[in-house]
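Asks: Please model the complete structure; the sequences and the hints are all you need to start from.
Protein sequences, first through last, are from chains A and B.
So the first sequence is numbered by the working numbering: it starts at 1 and just counts up by one.
So the second sequence is numbered by the working numbering: it starts at 1001 and just counts up by one.
FYI, nobody ran anything at the bench for these hints, they're computed from the structure.
Source: prediction; values computed, not measured.
The beta carbon of each residue, even a glycine, is placed where N, CA and C say it ideally should be.
Be a bit skeptical, because a hint or two may be false.
Derived list of chain B stretches under chain A, where covered just means 3 residues or more per stretch with a C-beta under 8 Å from a C-beta of chain A [what the hints assert, rightly or not]: (1) 1038–1044; (2) 1068–1078; (3) 1282–1294.
Cβ-Cβ distance ranges computed for the label pairs, FRET-style [what the hints assert, rightly or not]: (4) B/1184 <-> A/180: 53 to 59 Å; (5) B/1289 <-> A/180: 50 to 56 Å; (6) A/211 <-> B/1048: 31 to 37 Å.
Chain by chain, the residues:
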Amino acid sequence: MEGQNRQKSEGVVILYKIDFLKKIKVKNYIILNATVINFILDLSNELKKQKKIYSYPELVYLMFWCSDKNLKNLIKDYKTDKLRLGRGLVFHICAANVSTNFVFSFIFGILSGNSNIIKIPTKETKEKKIILSILKKILNFKKYSELKKNNHFIQYNNNDKFTQEISKICDVRIIWGSDNTISAIRKFEIQPRSIELTFADRYSISVINLDNFLKLNKKKKLMLANKFFYDGYSMEQMACNSPHFIFWVGKKNLDSINSFWDDLFYIVNKKIIFENIHILKKYTNLIKNIISSEHIKNIRMYSNFLYTAELHNTKNLNNIRGVNGTFFQVYLNNLSELEKFVSKKCQTASYFGFKKEEIKNFVVKNHLKGIDRFVPIGSALEMESDWDGFNFIDSLSRIVTLK
Amino acid sequence: MKIEDLINLEPYSKKKNDNNYYFFNLIKKISLLHSSKCKSYKKILDHLKFNITKIQELKNLPFIPASVFKDFDLKSISDEKIVKKLMSSGTSGKPSKIYLDRYNSINQIKVLKNLMQNILGKNRLPMLIIDQNPKMENRISFNAKIAAINGFSIFGRDHTYLLNKNNKINYKTLNNFLQKFSNKNFFIFGFTSLVYEHFIRSLNKKKINFNFKNGILLHGGGWKKLERLKLDSKEFNKRINKKLRIKKIYNYYGLIEQTGSIFLECEYCGYFHTSIYSDIFIRGKNFEVLNKNRKGIVQLISLLPTSYPGHNILTEDIGEIKGEDDCPSGKKGKYFKIYGRAKQAEIRGCSDTL
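Replies: Structure representation (structure tokens):
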């Protein structure tokens, strides 16, 4: 069937010909409409029915995210008299590093009342297969026939022609990807009134108030390390919101800092099964960092399960990254010293031991250029409607003023 | 003892346990050499707190990952001493870059020669190469393919290339070659995937008037391209034997970082053998040394690399030691099996919108 668009069993159209675009119907719906909410609840329920769902942490997270409780919270944040409708057609170009990325992008697209073309990564994963089969199933329910008509999951290998043609007709273009990917796609114009949201490659940090950390008892310290474990070890430390640097703020106390790493090592030992490839990548990354950086000191290898190192005489975090549990530490006297390390590329700071007010002051006083999220340690990887400094629903909808 | 003292020894004559002493001391010396000549290597040792002089066992000496040679130019010689630059194929990303001086380059040839004499005998044999005639555009820089063809060509004469410019078998050339040479031993060399493609698949026996039974086939370069065919070495040999009646078939395994000290498949046990120039460890997930019959990450050690720190390398391959000093062939040393690259788990990085 070369040369023709092919319907894959999971409901994804593999693009060979661009004439598929003629079939696209665009409708603007009110945001958070009931059909969409029900659809997302059905998605959650179908995920729950999957036998092996608990082997896929990213799917479990998606399942909870789509649950009644979470959606109610989301809607609650959105009680407003303003009339908002979707912007029209959203073209999502999704990333492969997080298997559920395309689903979240799609969900925000429909929650904000849009029709969507979702370009999903060609990389085959089990998670992707499961999600697509569920999506296909629900979209075939009669009650969602309109959603089915207005939303298209497509897949193609880098083909500028397709990207160009879809870009011409979309009202919003969302690009998840590296700086290179984004600048390559930016060559293709969108309409004058269309907008673009880009979610570029970023990195994240953790900040711990040492004075308050010292006040914790043994059990609470272990609990904090456990929360940090979820942030640092999920997604192989490759998500934009995975922490790579840990800032210890306050009077330096190496014993208690080391006890944190000992706790973490204990947890990693219990919870993670590494594959050989993870270890190879981790060791290789460490050696490459050693060769290329002049600022790494005091490397500690807790066998191959946890690597830590100190960062000295630099404020530039752009060229050093951990893999699979490699963390670089910096000691600060107070929070305001963090400012010099924060670049626009820094996305999330997961923290412990600071009051919100302190953080607010820090951000405002220092006219902070980067960090779009401060969240407690343990929630770094949560997906929120506020992302990279945007609100999805605000950005993907238009206000209709009514006086 | 120096590497020169080993050049003319029988390559499988030493037990790893007995010979550990010379081998360990030589590797230690080479490690110290690189540590004094290669800044990046020294930096790695310092950061990981290795004190070479204090280390007492081969398995405790530091190893570096193979892919470091892709991202960095690691050299233990000054630039004016470079006589050759080897480049890996780079099919999976950037190529490795290996810099050789005269000494290193000559030792590679000498060691390879000693290993090859075991298979080919002392005399140069007529050589059929399962490839196109490579164009020598740049005589300093060699990609892996040209390096291998060049490297093995010195053990042959009357070099004949099987494929024409369009990658098709040139039957006229082949028949000429066989007419002249097939009544005595001759040498056939090619990459495993090309040997499969052209010998097992496309070669039409009706178009050849002579037989291959005196051929000695050496092939290497990995099974990656053949993985989906689920073809193992035994089955590969069987099919070639059935079709062309070639009996002597040798697979080799090695790193471009350790060119020269290759591992040859043994006709008795069917596994790759270490030689007096090389050693292997299989490492677990905490880099602990695994005993025989346990799968793990392959670490390869070679006495050859002196102009670049490639003497002790952690590969990306998964393998298993099958035995030591007890191969029915009488060869001493370890023998092992390679399973191929460590499985690529899902790539997770913002960098791969595809």
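Asks: Please flag the earlier hints that this structure goes against, numbers listed from lowest up.
Replies: Going through the list in order, the structure violates hint 5 alone and respects the others.
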